[in-house]
Structures are given as structure tokens and as C-alpha cells.
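**Student:** Starting from the known structure of chain A, fit chain B onto it as the hints suggest.
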Amino acid sequence: GDSVTQTEGQVTVSESKSLIINCTYSATSIGYPNLFWYVRYPGEGLQLLLKVITAGQKGSSRGFEATYNKEATSFHLQKASVQESDSAVYYCALSVATGGNNKLTFGQGTVLSVIP
Amino acid sequence: AQTIHQWPVAEIKAVGSPLSLGCTIKGKSSPNLYWYWQATGGTLQQLFYSITVGQVESVVQLNLSASRPKDDQFILSTEKLLLSHSGFYLCAWSWDWGAAEQFFGPGTRLTVL
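Protein sequence lines correspond, in order, to chains A and B.
Just so you know, we're using this note's numbering here: the first sequence kicks off at 1 and counts up by one.
Just so you know, we're using this note's numbering here: the second sequence kicks off at 1001 and counts up by one.
No lab work stands behind these hints: they were computed from the structure.
All values reported here derive from a predicted model rather than from experimental measurement.
Backbone N, C-alpha and C define an ideal beta-carbon position, used for all residues, glycine too.
A few of these clues could be false.
[What the hints assert, rightly or not] Short, incomplete list of chain B residues facing chain A, as computed with Cβ under 8 Å:
1. ASN1032
2. THR1043
3. GLN1046
4. ILE1051
5. VAL1059
6. ALA1099
7. ALA1100
8. GLN1102
9. GLY1105
10. PRO1106
Next comes chain A alone, as it looks inside the complex (with noise of 0.2 Å):
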């Protein structure tokens, strides 16, 4: 089955510096998976960070960005300098339309906590 891997499960960075969430995933279904960042801010519902659907694809969404890369299987989200702000949860994930479902994949999440 289609599968995401976040390598990291907790980062913690200052205030200004830069970001990368890793995420890798792997899809069995035929064709080239939509990708997707979800994030959780606390207190909040989930919500739609950026997505991408077509390979080769840059996505940016509040600063954050994540660009598909087919050949490596990566869709990492990065942040040229983050804020307190940006604490929260991150989810990497895939979709594939298939038979009338369009089913979500989902990385473990990453909790982002940043220093002020």
C-alpha cells in the first residue's frame, strides 16, 4: 500500500532560522500521487498548509514551501525563517483517487516548537 515517512518526530529551532521537515513517500497506484502538507496549530482543527499535484511542482503556502520531486519520492517542507508562530503539528501526506475514494495517506507528524 501507498505509504509516508517523516524522519523526524520532534524539531526545535530559533526564532529567524531556517526549516526543513523531512518527508519521503512511497505510492503503489498507478499514476503520481497528489502531495500534500497538513498542519495543526494548537487548539485548532487540521488544516491545508499546501499541496502540489503535479510532479516537478513547487507549492507555497505563508512562507513554507515543499516541491515535488518525483524521482526522489521527497516532498519536504522548508521555511527560510520561522517564527513562534509556526509551533504546531505537520503532517506530510498523499492522495490517490481511486473507485470513488480519495484516500489520504498520512506521514506520523512532526512537532514543530520554536524557540523565541
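**Tutor:** Structure of chain B alone, referenced to chain A:
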């Protein structure tokens, strides 16, 4: 604008007791609906999906069932809870089954003792 509401916010239940969790979507007719579950320390996984009223498909067997009695309502239930059912339950919707993005509700925290 579309809104998604889940109830209850949290539940503490005994092993062997019944369970019913609900989800309502407003502002979108005929959405695709989904149930996801995250065990403590685990990953989010899809449990069920529904394309239309009265039609629900199971993705993972966890001794749970789901129903869609109305276009805007999705219910997750079981007659006998297990300890392993503890976790965080999320309802989600999408514009249609081919739409890439899913929109999530606030979730229900279930603790089974």
C-alpha cells in the same frame, strides 16, 4: 461558506459500551465524506468514505461502522467499544471524490477505559 461540525468534542467510555460520533457539513450539497482515526502515538488513517446518502464504504476493519443517514450527516458507531478504539476521530469532506483537497472537522477525542 462551508462549515463542518463534529460532536461530541470528547468522550470517556467504558469497554463494551456503545458509541456514536457525529459529523455535519453545512453549505455544500452532496459532499464526499470521510472518517479518519489516529491512535495515541499513531498515524492518521482513513476508516470510511461515502459518496452519497446511504452509501458507505469501509477502508479499515476496526469493529466500527459508519452510516450516512442524510446528505450532510456522517455517523460513526459501534455496539461494543474496545480499548483499542481510543484515539482521535476526524471527519472530513471534499467537493467530490476526485477533488484533491479534504477539509477536516475539529475532531472528537475518545478515551476507552
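**Student:** Would you pick out the hints that fail for this structure and give their numbers low to high?
**Tutor:** No numbers; nothing is violated.
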